[in-house]
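Build out the structure end to end from the sequences listed, making use of the hints.
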Amino acid sequence: MLRVLTADRLAPPGEILRRLNDAMETLAPEVTATCALARVEEAGPGRWRLNYAVAGYPPPLLMTAGGSCRRTTPAAEASTRRRTQAEDG
36 MLRVLTADRL
46 APPGEILRRL
56 NDAMETLAPE
66 VTATCALARV
76 EEAGPGRWRL
86 NYAVAGYPPP
96 LLMTAGGSCR
106 RTTPAAEAST
116 RRRTQAEDG
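Under my numbering, think of the first position of the sequence shown as 36, with each following residue one higher.
If you're looking for bench data, these hints aren't it; they were derived computationally from the structure.
Be a bit skeptical, because a hint or two may be false.
[What the hints assert, rightly or not] Label-pair restraints from in silico Cβ distances:
#1 A42 <-> T67: 21 to 27 angstroms
#2 R82 <-> R44: 21 to 27 angstroms
#3 R38 <-> P80: 28 to 34 angstroms
#4 R84 <-> R44: 31 to 37 angstroms
#5 D43 <-> A71: 31 to 37 angstroms
#6 M98 <-> A42: 24 to 30 angstroms
#7 M98 <-> T61: 34 to 40 angstroms
#8 D43 <-> G81: 27 to 33 angstroms
#9 R38 <-> E77: 21 to 27 angstroms
Ideal Cβ placement from N, Cα and C applies to all residues, glycine included.
What follows is the structure, encoded as structure tokens:
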């Protein structure tokens, strides 16, 4: 079902997970799951943006081309989901 929702339209990962949650509440309300969904998009020449959403996971770590690692910074929060954008140039 997640594949269908991601192929259906180019929506932010948080919106896709919301739609998946809505569908699962209707189809199988007794089932629970965790999910991490991300999309890497070109933000400009040589710059990339990670747009992601998590349900039941902590935010991901970002490893730069230089090998350093840091936590991603939340762009917006919802009660059960976190959507974050991080850029690395």
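So which of the earlier hints does this model not fit?
4, 5
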